[in-house]
Amino acid sequence: MPNIDISLSATTSDGTTLVDGGNVTAADSFSIVISITAEAGFNTLNISGDVASSAINRNDLELASGTTDAEVTLTVSTSNSLGDGSIDFEAVDEEGNTATASFSFVVVSPAAKIQTAVMLYAPLGDSSSQTFYSIANNQTYSLGDVISTSDPVSASIDFGYYYGSSDNAALASPAEYTIYDLSAWEITKCNDFSCHNHHKC
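All letters in the sequence shown, in the order written, are residues 1265 to 1465 by this note's numbering.
Some hints could be false.
Derived DEER-like restraints, expressed as beta-carbon distance ranges [said to hold, decoys possible]:
1. A1419 with L1327: 45 to 51 Å
2. T1339 with G1389: 54 to 60 Å
3. N1401 with S1318: 39 to 45 Å
4. T1364 with E1326: 21 to 27 Å
5. N1267 with P1374: 39 to 45 Å
If you are wondering where the hints come from, they were derived from the structure by calculation, not from laboratory data.
C-beta: ideal position from N, C-alpha, C; glycine also.
Required output: the full structure, derived from the provided sequences and hints.
Right under this line is the structure:
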């Protein structure tokens, strides 16, 4: 019987090698390279499992009859559902001989982003105090920092600190921040600290 082999290699969206049974992040993607060697000539690759079932034949790959080596790259987009998944592959040669392989993975939540020991200061009349904070950049900003640069810094500011007469020490999103006049900011974030709107919510 002619020999037929199938081998798999996978990488995550950032190019890191993904082992069989490894973790992939929800709502991300990874790629699997399927390499097939068929002495009698490659004919078809059948794909099933936790992806849409499909069949790729040598004509799809523009391979001549009798071609012994074939390679297919499958990109898999993960859902937001966490848990185990697997994909099954069946290679078929020109004489109907088959070889099978499978690849398993575990969809996990994105790693939490943790920031510690961030110090914010009360607003000053000269706008120099580090009053505002960007979670994405893990950086504090003064009002002067934001308005003196051409970079769209205001879009990254999540909240600012102030000490009010009634609410004392408090945090507020830029859209709800009343101590400074932020009308010069191109974009201010709303009070849920996540939605972006121009100027006001």
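Status of each hint after checking the structure:
1. A1419 with L1327: 45 to 51 Å: holds (49 Å)
2. T1339 with G1389: 54 to 60 Å: The hint (54 to 60 Å, Cβ to Cβ) holds, given that T1339 and G1389 are roughly 55 Å apart.
3. N1401 with S1318: 39 to 45 Å: Once the Cβ atoms are compared, 42 Å apart, the range 39 to 45 Å for S1318 and N1401 holds.
4. T1364 with E1326: 21 to 27 Å: holds (25 Å)
5. N1267 with P1374: 39 to 45 Å: 43 Å Cβ-Cβ, so the 39 to 45 Å window holds.
Checked against the numbered hints above, the structure breaks none of them.
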